[in-house]
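K.L.:
Sequence:
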Amino acid sequence: MRRDRGLPVLREKDLLAAGVDVGPLRRITVVLGRAGGGKWHVPAKTAEWRSHCRHAQHLTGSPLALLDACEQVCRHCAPVVRVKPGEEALWWAAADVVAADVRVRRLEEQEAGPRSWEGYARVLWEAARHRDAEVRRGLEPWTADPSVGAGARQILKAWSGVLERSETVLAGWRAAAPAAREVTSVSGACDAVAANGNVQRTGQELAAAVLQSRWAQPFDVWAAVRRAWSGVRDQGGEATAARAAAMLAVEAVWGGARVRDVTALPEPALVTGAGFASPAQWADAEFQHRWQQYVSDCCHRLEEALGAATRDGGDGRQLVLVSGWPLTRKRDAELAYLAQYEQHGPAVPFGGRRTGYGVEPDHAVVLAVPRFAARHAADHTRDDRPRVVLGPELVAGTAEPDERDVLALLRGAYPYLPADAEGDGPGAGPTAMVTTARAVRRAAQAGRRAAYSGPDSMEVYNDLVVGKYSWVPDDEHPGPAAAEMENLPVHWLEEWMLCLDVECGMRAETVLHRLYGTVTSYEPGTGRVEFSPAGGHPAILVPVHRIVALTGDRQRRSDGQVPAHEPYDE
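To convert, note that position 364 of the sequence shown is 364 in the working numbering; the numbers rise steadily by one, no gaps.
Derived by calculation from the structure, the hints in this document are not laboratory data. Among the hints, a few may not be true.
Unchecked claim - Within a straight-line C-alpha distance of at most 27 Å, the following computed BS3-like cross-link-like pairs (lysine-lysine) qualify:
| no. | residue 1 | residue 2 |
| --- | --- | --- |
| 1 | 330 | 468 |
| 2 | 13 | 39 |
| 3 | 84 | 39 |
| 4 | 13 | 84 |
| 5 | 84 | 157 |
Stated by the list, open to error - Computed Cβ-Cβ distance ranges for the label pairs, DEER-style:
| no. | residue 1 | residue 2 | range |
| --- | --- | --- | --- |
| 6 | 446 | 167 | 54 to 62 Å |
| 7 | 524 | 385 | 42 to 50 Å |
| 8 | 113 | 143 | 39 to 47 Å |
| 9 | 558 | 82 | 31 to 39 Å |
| 10 | 145 | 223 | 52 to 60 Å |
We put the CB at the ideal spot given by N, CA and C, even for glycine.
Take the sequences, apply the hints, and build the full model.
P.N.:
In structure tokens, the structure reads:
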């Protein structure tokens with residue numbers, strides 16, 4: 001739910017189902033009007049197209065209960081519906097309760113049975129626990145308010161109830177999922193077999209024989225066998241059941257396949273040509289025999305590797321940095337069991353991941369896992385080393401890792417953390433490193449700055465977004481630079497991929513980095529920039545005393561072209 005699109009729609013039946021008292025919400029009123037029986041509009045005295053629709057002009061409104069009217073407010077006026085701050089806090093918290101309740105009820109209604117770690121990773125990412133801090137932060141300041149305090153306390157109670165139910169469902173899922181040692185042993189066996197290049201090569205040769213066109217995507221038969229066999233063995237199934245599952249997975253694709261290229265079949269032939277009405281009929285029979293023999297051989301190799309797999313990973317726990325979080329993609333199937341372990345510190349931006357509809361945020365997290373799991377994760381991602389980074393081992397008998405170790409791992413994924421500026425204290429100013437870097441940037445563009453007609457010139461904006469000009473903050477805020485940023489159309493900056501050069505790390509150990517993303521807002525009074533990291537991540541607040549410069553990239557201007565961050569080299 002994005003707040004810039006206005007208050008979310010709430011329905012009384014959904015609120016009651018989630019255990020929310022609708023009385024305090026029903027007392028929230030807004031002034032709305034309409035001409036005839038159409039949609040409701042927020043009355044507007046003038047034709048301000050940016051915030052109102054044309055139907056809102058010169059309407060006479062009257063107070064209405066927002067709960068009754070919110071579904072019928074026109075989409076152009078919905079973003080400008082305004083209520084008191086305390087009422088707004090109640091409304092948003094109630095929306096969180098309803099959304100969490102819908103997810104939990106869907107899970108509670110599922111039939112009992114074995115659960116996969118892939119499914120758990122998806123459920124965990126949507127779990128109520130991730131909204132807990134924000135919901136409480138929004139409600140708790142209002143619990144003692146004379147007008148909305150009772151409602152805030154009741155919604156807080158409803159939220160605690162749905163959070164408890166969510167945690168119960170997650171615990172049940174973890175109990176029904178395979179044991180981590182079984183999963184790592186099965187995955188290790190698959191990795192051992194895959195290390196033999198002949199396995200994939202033979203599968204590719206078979207796929208080439210039935211490939212319909214040069215543009216068609218060949219069927220990855222080894223991946224299908226691996227996934228089906230692992231799915232059964234993870235759940236404690238026997239070898240015969242795993243082999244049958246692998247056969248069915250391949251038969252679903254190749255059961256009736258016709259050979260398109262006889263010359264692609266391996267030699268020598270395993271099926272004699274006698275008794276067939278045509279060479280094509282023989283080729284089809286040869287292919288069917290070949291792929292069944294291939295599946296059988298793969299399963300035999302996998303069982304041998306599983307029998308030889310060592311389960312000795314040592315005692316104790318270890319920190320690991322896992323990128324590509326949440327582990328919900330097909331390629332994450334054999335790492336998804338890591339989702340069961342405790343996360344330490346926040347999830348930090350790690351660029352974006354491609355989806356069918358564009359790009360969605362990708363994250364990195366730090367987990368405390370058993371040593372055998374850390375070893376497996378590192379081995380499994382050996383060919384993709386940035387995915388898993390091993391951290392220090394936890395001292396025996398300690399419940400929590402050292403925060404410095406957690407932050408050090410997280411900075412390896414994303415160099416700027418909110419905790420960096422929080423430790424600077426109130427009234428902090430720029431360090432010598434920042435002021436020196438700013439002076440260099442100012443000197444490099446002195447001539448270009450003098451050519452602009454004024455601080456609010458569109459030339460400044462146009463050159464900024466394409467990287468010809470850099471905005472450099474004042475060393476003593478506020479000053480000319482603050483006025484310049486205030487005069488620019490900042491709300492247009494979020495349409496452009498920009499570079500924010502920032503001082504990262506805790507004081508006395510800071511370094512400069514370039515972060516890629518979009519600027520969503522600027523606070524003239526404090527100088528704080530709201531910055532959304534590349535990949536579509538939620539915005540973070542960066543204080544002006546940490547900023548060296550803001551500019552664009554001359555060559556790379558979209559999510560698919562820029563990294564999440566890179567070293568500062570100006």
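K.L.:
All the hints need checking, so say for each whether the structure fits it.
P.N.:
Hints, one by one, checked against the model:
| no. | hint | in the structure |
| --- | --- | --- |
| 1 | 330 - 468 | 42 Å, violated |
| 2 | 13 - 39 | 21 Å, holds |
| 3 | 84 - 39 | 23 Å, holds |
| 4 | 13 - 84 | 24 Å, holds |
| 5 | 84 - 157 | 22 Å, holds |
| 6 | 446 - 167: 54 to 62 Å | 58 Å, holds |
| 7 | 524 - 385: 42 to 50 Å | 44 Å, holds |
| 8 | 113 - 143: 39 to 47 Å | 41 Å, holds |
| 9 | 558 - 82: 31 to 39 Å | 35 Å, holds |
| 10 | 145 - 223: 52 to 60 Å | 57 Å, holds |
Checked against the numbered hints given earlier, this structure breaks only hint 1.
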